[in-house]
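2 protein chains.
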Amino acid sequence: MSEGSPFAAVKLSGAPQFGVQFHPEVSHTEKGQELLSNFVFRICKAERNWSMQGFLQNSVESLSQLEGKVLCAVSGGVDSSVTAVLLNRAIGERLTSVLIDTGLLRAGEAERVKEFLGQELGVKVAFVDAQERFLGALIGVKDPEEKRRVVGKTFADVFEEFAEKEGPFDHLAQGTLYPDVIESGRSAAPASVIKTHHNVGGLPGGLSMKVVEPLRELYKDEVRELGSLLGLPRVVVQRHPFPGPGLAVRVIGEVTKEKLDVCRKASRVVEEVLEEEGLYSKAWQAFAYVGDDEVTGVLGDERRLGRQVTVKVVESVDAMTADWSRLETRVLEHISNRITNEVSGVVAVAYSISSKPPATIEPQ
Amino acid sequence: MSEGSPFAAVKLSGAPQFGVQFHPEVSHTEKGQELLSNFVFRICKAERNWSMQGFLQNSVESLSQLEGKVLCAVSGGVDSSVTAVLLNRAIGERLTSVLIDTGLLRAGEAERVKEFLGQELGVKVAFVDAQERFLGALIGVKDPEEKRRVVGKTFADVFEEFAEKEGPFDHLAQGTLYPDVIESGRSAAPASVIKTHHNVGGLPGGLSMKVVEPLRELYKDEVRELGSLLGLPRVVVQRHPFPGPGLAVRVIGEVTKEKLDVCRKASRVVEEVLEEEGLYSKAWQAFAYVGDDEVTGVLGDERRLGRQVTVKVVESVDAMTADWSRLETRVLEHISNRITNEVSGVVAVAYSISSKPPATIEPQ
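Order-wise, the sequence lines are chains X and F. So the first sequence is numbered by this note's numbering: it starts at 1 and just counts up by one. So the second sequence is numbered by this note's numbering: it starts at 1 and just counts up by one.
One or more hints might be untrue.
Same chains, same label: a pair holds when it works inside one copy or across any pair of copies.
Mimicking DSS-like on lysine-lysine, the simulated pairs with C-alpha atoms at most 30 Å apart in a straight line are [what the hints assert, rightly or not]:
| hint | residue 1 | residue 2 |
| --- | --- | --- |
| 1 | Lys142 | Lys257 |
| 2 | Lys356 | Lys257 |
| 3 | Lys356 | Lys114 |
In short, the hints are calculated from the structure, not lab data.
Could you build all of it, start to finish, from the sequences and the hints given here?
As structure tokens, then:
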């Protein structure tokens, strides 16, 4: 029994069947892990025979069975990087990795990918500059779901063209994780569609490659563990998650170059300050977002209308729930001052004090 | 000499003339008060012969010389309340106070005015419900300066109509303060127009009454002192400043009933939490504002687009500069949770971490 429900947990009399009327799997639930562990190991008598090393060996073995050539999109994030390195180990020369520069990437991301994937880990990476194409496709698009569809479709088109030119490829590999699968409602368990993740639901059916998702049963912390086993540098393994549709979902309203620029520069400030303070790896995600609302500021003795940037730093175990980070005011002050001093057009900075739920981690 | 300027202070050789290349009068300037005090009392040899009690006596005397009937707009704020009580003492029955309900007032403001001005202090207050008229005039108006002009003009029109019906009145009294006068560029000293305050620059010239501004030489803290001398209740004297154009400048973009409602309810939550925590009088202003940007939230297992509210709590001595309040995270969390739980349509809350400058106190 609980305050909110007459039966918080039930058991079928005479049979080993149990039910709970809450989410034992989310990190907010006290003793949720213990409850699940008791159920699995003490009631179901399951054995602990899963290890990341075993998962790695099994994955490499089963991926090496893939026939033909595999195309893998990398974004600089840990998920796609781990996917590419895993495939590189499994199928070597038959893998082609490609970074599509969508114009929606974080500051300096393309250079970073060239350096650590190409030079340090020996994964061949092709580059496609599709910035103008994405920005063109996004003109006039304001609805968040429509943005995701447009980015997903453009992404798939560019991929397909690259595949036709460089291919043929038989498979398309993606760094989809388990929470994406759940939230897109594609798992066996029923779940409402929270957001259409572009690397899950956004691919059009006409795509002429089969989709391979080697990480689709893993949570983020498990992918990081796998990345470490594969020899990825710590800075990449600890890199914050970045949404599939990129900065398009951190720009509220229509996606313009000017707003992207504000978003990118302000987000870089947030990351830099957290790194300086030794807080980067403590945070799950840390970025700034910007919309169309304009507020009044004062520069010298003159008034000016300008943009308001919202800084968001959250802590999370699995992205299913997330808490806003209780940063020290000194750190917030530093971030705020740097953004208004360094990012042209910004006159006000706010700090997100919403957790998930009721907000989502990404603003759109 | 300072880092930013070769000559921070200058003196004309052979003559008692001094200049400084910074703002000694703003509270951010260290020892600025001491510098001004030294100049006034030690160099100019001025005498301390000004007191609030003296100002009160002089004001009552000079206001009692006003001929004819005086109309005074009250808003519930300390400035207009002090103006009304001062005039009530000076001219008694010849004063008519009126509260225009613009639909842009804080939650419960009209009731509050009836109680403390009417019942406790014996000032007769007439009420005009002009909510629909203001909202109608604001349809389609998005530019902050245009909003101020529309509110100012509608205010003056309603006033004039009231004056014609109840009058004739010879004077219109307003609670304009010295910072408003400076920022509107009407003082003797040159100053850029930062904002058009509706109770200064917004009144059309056709208004058939002479404007009386008994507080135009005072700063806010002085008005509070004067209010205490006049017997205003502590809760009114300590009431935060409220902008002339009301919630119209706390709603970014077009002013709609729905956004006003969000703004009013969220602001009430902010005030209530600060009062509970004993922080209300420490803050200069504390409110929430809302714009048109929509962000994604999650309710139960469903996604929904909703509004983001920005909470702003600032500390200031004179409103010329203002620091964002370093509230405890516990307090921010309480405010955030209450707003998303209690204010329909809001899925995210941010806390303003910008000071003035570069932001202004009001968002528009």
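To see whether the hints hold, each was checked on the structure:
{"no.": "1", "hint": "Lys142 with Lys257", "result": "both (14 Å within a copy, 23 Å between copies)"}
{"no.": "2", "hint": "Lys356 with Lys257", "result": "both (29 Å within a copy, 28 Å between copies)"}
{"no.": "3", "hint": "Lys356 with Lys114", "result": "neither (34 Å within a copy, 43 Å between copies)"}
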